[in-house]
Structures are given as C-alpha cells and as structure tokens.
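These protein sequence lines are chains A and B, in that order. Position 4, counted from 1, in the first sequence is what this note's numbering calls 4; the numbers after and before it change by one each time, with no gaps. Residues are numbered in this note's numbering as their position in the second sequence, beginning at 1, plus a constant of 277.
Bear in mind the hints are in silico, worked out from the structure with no lab data behind them. Do not rely on the hints blindly, as some may be mistaken.
Only part of the chain A face toward chain B is listed, based on derived beta-carbon distances under 7 Å [unchecked claim]: (1) 36; (2) 38; (3) 168; (4) 175.
Taking lysine to aspartate or glutamate and the EDC-like style, the derived pairs with C-alpha atoms no more than 20 Å apart in a straight line are [as the list claims (entries may be wrong)]: (5) A/99 / B/594; (6) B/549 / B/420; (7) B/575 / B/428; (8) B/484 / A/176; (9) A/270 / A/144; (10) A/155 / B/677; (11) B/484 / B/576; (12) B/484 / A/233; (13) B/342 / B/472; (14) B/335 / B/365; (15) B/514 / B/543; (16) A/192 / B/426; (17) A/270 / A/37; (18) A/155 / B/428; (19) B/672 / B/576; (20) A/99 / A/132; (21) B/672 / B/684; (22) A/274 / A/37.
All C-beta atoms in this analysis are idealised placements derived from N, C-alpha and C, irrespective of residue type, glycine included.
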Amino acid sequence: MRNYWRLSRLTSHFLPLTLLIFGVRSPLTAQDGLVAERSAFALWLANAPDSPLAALAQQAIGTGLTLGPEDADVPLKNSTRMTVREEGSSVMLNHQGTKTPLPRDRLTAIGPYQLRPAGPSGRSVLTVFGPEHRTLIPSYYPADSHFVMTGSLTKPASRVTHRILMPDGVETEAIEAGVFTIQLESGPANLKVYRIADEDTGESELVIYFQDLTNGKGSYPAGRFVTLTPRDEITYLLDFNRSRNPFCAYSTAYACPAPWPGNRLSVEIKAGEKYGN
Amino acid sequence: MAEWRNAVLLRSFRHSSFSHLLLPLFLSVQAPGPAGPWRAVLDLAGGPLRFALTVEQKGGTWQGKLCNGTQCQALSAVRVAGDSVVFDIATYAATIAAVARGDSLVGEYHNVGRRGPRTIPFRAARGRWPVEKGPGGLTGRWDAQFLTDFDASPRVIELRNDRAGLEGTIISNTGDYGLFWGHAQADSFSISHFDGSYVYMLTGQLKADTLRGVFHAGLRTQTRFIAVRSNGAPHLKSPSEITTADTAPFRFSFPDLEGRQITEADPRLRGKVVVIDVFGTWCPTCHDAAPALVQLYKDYHARGLEIVGLAYEVSGDSATDNHQVRLYRDTYHIPFTLLRAGTNDTEAAAATLPQLTNFTAFPTTIFLDRTGRVRRIHAGFYGPALPEQHAKLVKEMRAEVESLLRER
Numbered sequence: 001m002r003n004y005w006r007l008s009r010l011t012s013h014f015l016p017l018t019l020l021i022f023g024v025r026s027p028l029t030a031q032d033g034l035v036a037e038r039s040a041f042a043l044w045l046a047n048a049p050d051s052p053l054a055a056l057a058q059q060a061i062g063t064g065l066t067l068g069p070e071d072a073d074v075p076l077k078n079s080t081r082m083t084v085r086e087e088g089s090s091v092m093l094n095h096q097g098t099k100t101p102l103p104r105d106r107l108t109a110i111g112p113y114q115l116r117p118a119g120p121s122g123r124s125v126l127t128v129f130g131p132e133h134r135t136l137i138p139s140y141y142p143a144d145s146h147f148v149m150t151g152s153l154t155k156p157a158s159r160v161t162h163r164i165l166m167p168d169g170v171e172t173e174a175i176e177a178g179v180f181t182i183q184l185e186s187g188p189a190n191l192k193v194y195r196i197a198d199e200d201t202g203e204s205e206l207v208i209y210f211q212d213l214t215n216g217k218g219s220y221p222a223g224r225f226v227t228l229t230p231r232d233e234i235t236y237l238l239d240f241n242r243s244r245n246p247f248c249a250y251s252t253a254y255a256c257p258a259p260w261p262g263n264r265l266s267v268e269i270k271a272g273e274k275y276g277n
Numbered sequence: 278m279a280e281w282r283n284a285v286l287l288r289s290f291r292h293s294s295f296s297h298l299l300l301p302l303f304l305s306v307q308a309p310g311p312a313g314p315w316r317a318v319l320d321l322a323g324g325p326l327r328f329a330l331t332v333e334q335k336g337g338t339w340q341g342k343l344c345n346g347t348q349c350q351a352l353s354a355v356r357v358a359g360d361s362v363v364f365d366i367a368t369y370a371a372t373i374a375a376v377a378r379g380d381s382l383v384g385e386y387h388n389v390g391r392r393g394p395r396t397i398p399f400r401a402a403r404g405r406w407p408v409e410k411g412p413g414g415l416t417g418r419w420d421a422q423f424l425t426d427f428d429a430s431p432r433v434i435e436l437r438n439d440r441a442g443l444e445g446t447i448i449s450n451t452g453d454y455g456l457f458w459g460h461a462q463a464d465s466f467s468i469s470h471f472d473g474s475y476v477y478m479l480t481g482q483l484k485a486d487t488l489r490g491v492f493h494a495g496l497r498t499q500t501r502f503i504a505v506r507s508n509g510a511p512h513l514k515s516p517s518e519i520t521t522a523d524t525a526p527f528r529f530s531f532p533d534l535e536g537r538q539i540t541e542a543d544p545r546l547r548g549k550v551v552v553i554d555v556f557g558t559w560c561p562t563c564h565d566a567a568p569a570l571v572q573l574y575k576d577y578h579a580r581g582l583e584i585v586g587l588a589y590e591v592s593g594d595s596a597t598d599n600h601q602v603r604l605y606r607d608t609y610h611i612p613f614t615l616l617r618a619g620t621n622d623t624e625a626a627a628a629t630l631p632q633l634t635n636f637t638a639f640p641t642t643i644f645l646d647r648t649g650r651v652r653r654i655h656a657g658f659y660g661p662a663l664p665e666q667h668a669k670l671v672k673e674m675r676a677e678v679e680s681l682l683r684e685r
C-alpha cells in the first residue's frame with residue numbers, strides 16, 4: 001500500500017474508506033477471485049473450440065497418423081482421408097493431394113474439425129476437436145482457508161529435467177524446481193515441484209501434481225494439479241482450493257499424466273476440483 | 278446511472294465538516310458512468326502492475342483506450358450495463374470485466390490460453406497516475422542476466438525519463454519486449470508493459486552500482502535478474518549473427534493478395550537488390566518495422582531496391598489472412614509487394630524457408646544482392662521504443678542497401 005495510490009488532499013480525507021476498498025492486499029486468495037476463475041473456466045469448457053469437452057482424439061503422430069475413414073487411426077464422420085506426419089521440425093498435413101504445414105500449438109480448421117499438433121519434435125501428439133461439446137460442469141469442494149498454506153522451496157543441488165505430461169496430455173521437458181514442504185496435521189510432507197514453461201508467452205509456472213486420500217473418493221483418481229504463487233524470493237503460497245483435474249478427467253481422448261513419484265499425501269485434501277457429482 | 282455515483286465520497290460527505298466547502302467541487306468532478314481517466318492495476322503475485330484506461334462516450338457509444346505511459350492503443354469495445362463494464366481487446370481475444378464499487382472498478386482480466394482461460398485480478402480508481410521520474414543513477418543502459426533455476430540468459434535493460442515518467446525497454450537476443458512505463462522512488466523502480474496480451478513487469482532496486490530485481494510475466498512467473506551498468510561492449514549476440522542462410526540464390530514461391538503465385542524469378546525482382554521482410558500482422562515489433570521499410574523503399578526504389586514482405590498470419594484461412602494483411606498494408610501505406618507465406622509459427626515459417634538456419638524471430642529482415650544471394654540477415658527489429666538502437670539499425674540497413682546497390 002505504501003504510496004501506492006498517490007492520495008490528493010481531497011481523497012486523503014477519506015483514507016479509511018479508500019483503504020477499505022484497496023487495503024485488502026490478497027486478491028489471489030480472495031474468494032471472489034476463485035469464483036471468477038472457476039466461472040471463466042466453466043465458460044471456456046462449454047464453448048471453446050479446443051475445450052476438452054470437444055476433444056475427439058489425442059494420439060502420437062509417430063510415423064504418421066491417418067484421419068477420416070473408418071479404418072483410419074482417427075475415424076472422423078464425413079471426412080475424406082488425411083495424413084499427418086512429422087517432417088523435420090514441422091508437422092505436415094496431406095489432404096486432398098495438397099501438403100500444408102500444421103502449425104504447432106495452434107488450431108487448424110479442416111471442415112467441422114480442428115487439429116492441433118503439440119509437443120516436442122519427433123514425439124508430437126495431435127489433438128482432434130469436433131464441433132460439438134459434451135456437457136460437464138466441473139464441481140468443487142467448498143472453499144476452505146485451512147488448505148491455503150505458505151512454505152519455502154528447497155532447490156535441488158543440480159539441474160535435473162524430466163519428460164512429463166502437462167494437464168492437457170502434451171509432453172514437455174520440465175525442470176525440477178525443488179521440494180516444497182508443507183505442515184499437515186499428520187506432520188510435515190514434501191511435494192516435488194517442476195517448472196513448466198509456456199514458450200508462447202515466456203511465462204512459466206511452478207507446478208505440483210499430487211495425490212491424496214480423496215482420490216477415487218470424491219476427487220479424480222489419477223491426482224490433481226496445483227501451482228505455486230510466489231510471495232517473495234523464498235516464500236510461496238500453495239492454495240489447494242485451486243487444484244484442478246488433468247484434462248483426462250473431462251475426456252478419455254486425453255492421455256493421463258502419470259502420478260509424480262513421492263507426491264502422495266497421506267491426508268484427505270477436501271479442497272479444489274471434485275470428480276463426478 | 279445511480280450505480281456509478283461516487284458512493285464512498287457521498288457517504289463521507291455527510292460526516293465531513295468540510296462538506297459545505299467541497300460539495301461544489303465534488304459535483305463538478307462527478308462523471309457519468311465509467312467516463313474519464315482511470316488508474317488501473319493488475320494484481321500480479323509479485324505486486325501491482327500499473328496502466329491507464331481512459332473511457333469516453335461519443336455519439337451514444339462508449340469507447341476507450343489502454344495506455345502504458347505515452348503509448349496507447351484503442352480498445353475494440355467498451356460495454357456498459359448497469360454497474361458493470363467490459364473492456365474488449367479483440368486483437369488478443371482478451372477482456373477486462375469489472376463492476377463499479379463506489380468510485381472504483383473491481384474485476385478480472387481474462388485471456389485464453391491453450392489450457393484454458395488465464396485470469397488476473399483487476400482494479401481501478403478514478404484519476405491519472407502521477408508522473409514519477411527516476412533518479413539519474415537509475416537511467417541508462419544496463420547489462421543484465423535473467424536467472425531461472427540453473428540458467429542465465431543475457432538481456433539489456435534501458436531506463437530513461439520521459440514526460441509520462443520513467444520509461445524503459447528490455448532487449449533480448451531477438452528483439453525488444455515493447456515500451457515499458459512506470460515509476461521510481463529513491464533507488465527502487467517498477468516499469469511494466471501490458472497490451473492486452475503480454476503482461477510484463479520489471480521491478481528492481483539499485484544498490485552499490487548493481488541493479489537487482491524481478492521480471493514478472495503473467496500472474497505467477499517471476500524471474501530474478503542482476504545487472505551492471507553497460508560499459509559499451511556488446512552484451513547480446515548481434516542480431517545479424519543469429520539466423521544464417523546457405524550460399525545458393527534465395528528461393529521462394531508464395532501467393533500475393535490477389536492469389537497470383539510470386540517467386541524470386543519474378544521479372545520485377547530480376548537484377549535488383551531485394552529486401553525480404555518476414556513479418557506477421559499479429560506481431561507488434563513488425564508494426565514498428567513497417568514505417569522504416571516504407572521509407573527505405575521510397576529512398577532507394579528508383580536506384581534498384583525492391584522489398585517483398587512475407588506474411589505469416591494467424592488463421593491459415595486465405596480470406597481472413599488476406600484481409601488482415603490488406604489492413605496492415607493500408608495502415609502503413611506500403612507500396613511494395615506483400616505475399617501470404619504461411620502461418621505464424623516459427624517452425625512452420627522455417628519449413629517454408631528451408632534455406633535459413635536458426636530462424637527464430639518475427640520480423641526477420643533478409644538482404645539479397647543483385648544475384649539473389651543472401652548477404653545479411655537481421656533477426657528482430659529495434660522499434661522506436663529504443664530510439665538509439667532504432668536509429669542505428671535504420672542507418673545500418675540503409676548502408677547495407679547502398680553498398681549492395683553499388684555492386685554490379
């Protein structure tokens with residue numbers, strides 16, 4: 001707050017009331033932020049052309065992937081035969097005798113379908129989206145401030161990378177960012193944290209994929225993702241209310257990320273996204 | 278418009294002994310609805326990112342602009358309903374949705390990524406940001422290292438004072454991040470760049486000749502940096518050393534906006550010095566480069582210069598992309614040929630230009646001599662946000678063209 005809103009003589013007269021509105025410096029954990037985030041996500045799920053609820057298939061391109069007729073790797077109604085191949089660092093689409101590049105991480109419309117290749121060269125996957133969305137409204141445990149905790153990150157001694165699947169089933173090379181220690185009623189627990197970069201925006205997130213005793217009994221069996229929010233140079237905030245299902249929870253088209261070894265908590269985290277009703 | 282009344286002030290006035298003095302002033306500043314200037318903030322995990330919003334009503338339609346210091350962009354729409362207001366930034370499919378609470382706005386900024394929407398808390402108060410310049414010890418050119426986990430990568434940070442306050446730019450090996458604007462207090466500073474798509478903020482402090490701080494990208498990413506004052510020696514890789522080409526004459530074949538296939542063998546290009554501009558209408562730095570290329574063309578076309586722009590667009594749909602490229606052409610009055618080369622993916626672009634190695638940046642400027650061979654490739658472009666580098670680069674481009682024109 002220090003000198004943040006430069007206060008004129010007029011408004012400083014009403015400083016206490018100004019503080020009422022702007023003094024609450026924790027919008028990241030505020031309940032209304034959570035509600036807005038969830039409603040934006042529900043809208044995206046229901047409407048986005050690349051929503052997991054519109055996904056028809058996600059497959060490794062491998063030595064070539066055919067789409068279209070019944071005998072194709074990915075059968076698509078009313079579609080002529082298409083082939084998708086990796087050539088060098090590019091992904092190429094052969095369709096009706098013409099060859100065009102399919103840009104990575106972007107949707108290309110082919111008739112009523114949308115194709116998106118993603119992942120590292122040589123091991124790319126193709127996700128195919130259809131025109132219709134299945135209906136699914138994500139549900140959540142009631143927000144609970146007990147599941148908001150701060151802690152510090154113990155960095156690894158050397159640079160270690162892992163090939164992991166992101167929530168959308170796409171492989172990435174993640175850097176081990178460290179171990180995050182939290183205090184549970186049962187005692188301290190360690191969670192492995194990876195840094196996952198988004199090359200498009202230059203942004204990266206500190207991600208935890210964890211399992212707990214609610215898995216299969218209210219929450220998604222494979223585990224859930226949650227990201228750390230930096231507080232200062234060494235302290236981070238972990239808000240389990242913001243934990244999310246991988247996309248395989250919305251559609252079996254997606255590959256499910258394998259649980260990260262060591263990230264199984266021996267307590268029930270009754271916070272964040274649920275599975276089923 | 279009752280929702281938009283200054284509830285906080287109204288309530289306070291009843292208890293204020295000065296109300297009789299201030300009431301006329303208050304009435305004169307009360308603006309209808311969201312009209313007027315706003316001090317806006319995105320609450321990143323690492324602190325508030327400042328920008329400015331200005332809203333006005335013209336002929337019954339709301340409109341507005343978003344500014345980082347002196348640099349502004351028009352919002353594509355401002356929608357007002359009851360006590361809510363939505364600012365649309367269509368270019369980036371982003372929105373800011375807020376509700377009026379007293380005399381402030383509270384809401385969220387959204388844009389859509391591959392794994393769902395990104396949301397950042399937003400708030401605004403009426404008024405303009407103060408002009409807060411930086412001390413002389415802070416301004417100038419700094420050689421920085423951005424540190425992530427176990428990696429360090431070089432950046433140059435430039436800080437200067439302008440009429441809106443402290444301004445700056447961050448430069449990487451492939452170009453700049455656009456104009457940053459902000460403020461300073463003693464030896465600490467905060468500058469940011471928010472254009473509806475990119476959410477960047479640089480905060481730091483000067484201590485004993487060393488600048489230390491954090492680069493914030495989006496809600497949660499924070500990268501530490503450490504910087505020392507530049508001694509003039511190059512800190513970044515030269516943009517002409519990044520992308521290279523083979524030694525054969527440069528070949529291409531792409532449709533123009535009328536659908537005619539144009540190749541390097543086109544009679545208009547035969548025996549000419551040709552500058553190839555690899556660009557996209559979605560790329561802000563490419564917009565910065567366009568006026569400089571138009572000027573280059575005007576100055577040297579009569580002596581044998583041709584420029585060909587290769588557009589790599591977003592949709593991949595020829596009608597949509599041609600429309601975008603025409604808008605771009607008309608905005609900058611581009612007199613040279615523009616071809617639709619593909620989609621805006623670095624790898625896809627590289628695939629359509631197989632003679633290039635390490636194609637990394639939009640824009641990339643390729644200089645061909647009269648025999649069609651690549652003589653120089655400049656990855657990225659320094660925009661007017663970097664006045665000195667911009668001037669130097671334009672001068673170098675002119676010198677390169679003049680030297681190639683002299684060859685026979």
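Consistency of the hints with the structure:
1. For residue 36 of chain A, the shortest C-beta to C-beta distance to chain B is roughly 5 Å, which falls under 7 Å, so the interface hint holds.
2. Evaluation of the residue 38 of chain A hint against chain B yields a violated restraint, the C-beta minimum of about 9 Å exceeding 7 Å.
3. A least Cβ separation of about 5 Å between residue 168 of chain A and chain B falls short of the 7 Å threshold, and the interface hint therefore holds.
4. The interface hint given for residue 175 of chain A is met, as the beta carbon of that residue sits about 5 Å from the closest beta carbon of chain B, less than 7 Å.
5. In summary, the hint linking residue 99 of chain A to residue 594 of chain B is supported, as the alpha carbons are separated by about 15 Å, within the 20 Å threshold.
6. Only pairs whose Cα atoms come within 20 Å are accepted, and residue 549 of chain B paired with residue 420 of chain B is rejected, the gap being roughly 40 Å.
7. Note on residue 575 of chain B and residue 428 of chain B: the hinted pairing is violated, with a Cα-Cα distance of about 45 Å set against a maximum of 20 Å.
8. Pair hint residue 484 of chain B plus residue 176 of chain A does not hold up; C-alpha atoms about 31 Å apart against a cutoff of 20 Å.
9. With a CA separation close to 8 Å, the supplied pair residue 270 of chain A and residue 144 of chain A stays within the 20 Å bound.
10. Distance restraint check for residue 155 of chain A and residue 677 of chain B: the Cα-Cα separation of roughly 49 Å exceeds the 20 Å cut-off, and the hinted pair is therefore not satisfied.
11. For a cut-off of 20 Å, the pair hint linking residue 484 of chain B to residue 576 of chain B is broken: about 47 Å separates their Cα positions.
12. With a C-alpha separation of about 17 Å, the suggested pair residue 484 of chain B and residue 233 of chain A falls inside the 20 Å cut-off, and the hint holds.
13. About 11 Å separates the Cα atoms of residue 342 of chain B and residue 472 of chain B, which keeps this hinted pair within 20 Å; it holds.
14. About 17 Å separates the Cα atoms of residue 335 of chain B and residue 365 of chain B, which keeps this hinted pair within 20 Å; it holds.
15. Among the hinted pairs, residue 514 of chain B with residue 543 of chain B is inconsistent with the structure: their alpha-carbon atoms are about 35 Å apart, more than 20 Å.
16. Note on residue 192 of chain A and residue 426 of chain B: the hinted pairing holds, with a Cα-Cα distance of about 15 Å set against a maximum of 20 Å.
17. Between the alpha carbons of residue 270 of chain A and residue 37 of chain A the distance comes to roughly 19 Å, so the proposed pair stays at or under 20 Å and holds.
18. Distance check on the hinted pair: residue 155 of chain A and residue 428 of chain B sit about 13 Å apart at the alpha-carbon level, within 20 Å; holds.
19. For the proposed pair residue 672 of chain B and residue 576 of chain B, the alpha carbon gap of about 13 Å is at most 20 Å, so the pair holds.
20. A C-alpha spacing of about 27 Å is found between residue 99 of chain A and residue 132 of chain A, which places the hinted pair above 20 Å, so the restraint is violated.
21. At roughly 19 Å between alpha-carbon atoms, residue 672 of chain B and residue 684 of chain B fall within 20 Å of each other, so this suggested pair holds.
22. With a C-alpha separation of about 16 Å, the suggested pair residue 274 of chain A and residue 37 of chain A falls inside the 20 Å cut-off, and the hint holds.
Of the numbered hints listed earlier, those contradicted by the structure are 2, 6, 7, 8, 10, 11, 15 and 20.
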